[in-house]
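**Student:** In case you want the letters, here they are:
Protein chains: 2
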Amino acid sequence: MLGRLNHVAIAVPDLAAASAVYRDTLGATLTEPQVLPEHGVTVVFIDVGNTKIELLEPLNAQSPIAAFLAKNPSGGMHHLCYEVTDILAARNQLQLQGARILGDGEPKIGAHGKPVLFLHPKDFNGTLIELEQV
Amino acid sequence: MLGRLNHVAIAVPDLAAASAVYRDTLGATLTEPQVLPEHGVTVVFIDVGNTKIELLEPLNAQSPIAAFLAKNPSGGMHHLCYEVTDILAARNQLQLQGARILGDGEPKIGAHGKPVLFLHPKDFNGTLIELEQV
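If you're matching them up, the sequences are chains A and B in order. Under the UniProt record's numbering, residues 1 to 134 are what the first sequence spells out, in order. Under the UniProt record's numbering, residues 1 to 134 are what the second sequence spells out, in order.
Some hints here could point you the wrong way.
Copies of the same chain are indistinguishable here, so a pair counts whether it falls within one copy or spans any two.
To be verified - Capping the alpha-carbon separation at 25 Å, the derived lysine-lysine pairs in DSS-like fashion look like this:
hint, residue 1, residue 2
1, Lys122, Lys108
2, Lys71, Lys114
3, Lys114, Lys52
4, Lys71, Lys122
Simulated from the structure, these hints should not be mistaken for lab results.
In isolation and in its complexed conformation, chain A is listed as follows:
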């Protein structure tokens, strides 16, 4: 079921400062920031050749990543996104295995305009996993 690693998401308190570190210190190439109001974040993508790093800054205190940053003020790795070919088949198989899907269990449209689901980190060794249908 598990396909390619689409991206690693890193929550950051200051997107401009984090972007400067990746650009100037690590020599990476970054996209322009995109504001995604429906996800409560501003995002910058870094293409590292075989996958992407996604830097996430919360838009406001209601952002899904605001609570994470409250616990980890300097930021940290937030989730891993894997590609799947059929997100409903993947969800049904995961639920049969006893894994918990976050929210109402229905796919939402993610940052790339494709259906996504998040799996409960307690079922996967403390790792928040996003599945994206490609």
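Got chain A; can you put chain B on it based on the hints?
**Tutor:** Chain B alone, transformed into the frame defined by chain A:
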């Protein structure tokens, strides 16, 4: 400087249980466990096509990941490993930019038999970064 993402390392308290979740629930293909006494870990690799996931279980209380698991008992994302072509050139450039290298700053031989260095997570938004020369 930053090359491909070689792997994402996830610290786990029970490698057999975590392996079963990735194999049975997520349908992934895993390597056999390898004991690496010089790194204080037992490791299983998961090939997801474009990169690898590395599951790490501490060998003992002196393991570098034992303290991480004491803070995160169910496990969690531990570090990201990027490839570089020249690890000494990368180190020198990072130090010029003010980034801190862990340990004595000299590359060690990593799990793949290649020179590696770790960068201070406080300089990279709470993310522990490993560089591996390929």
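**Student:** Each hint needs a verdict: does it hold in this structure or not?
**Tutor:** Status of the hints after comparison with the structure:
Within a single copy, Lys122 and Lys108 get their C-alpha atoms as close as 21 Å, which meets the 25 Å cut-off; across copies the closest is 33 Å, which misses it. Taking the shortest alpha-carbon separations for Lys71 and Lys114, neither the intra-copy value of 29 Å nor the inter-copy value of 35 Å comes in at or below 25 Å. For the homomeric pair Lys114 and Lys52, the shortest alpha-carbon distances inside one copy (16 Å) and between copies (23 Å) are both at most 25 Å. For the identical chains of this complex, Lys71 and Lys122 are neighbours both inside a copy (17 Å) and across copies (15 Å), given an alpha-carbon limit of 25 Å.
When each numbered hint is compared with the structure, a violation occurs for hint 2 only.
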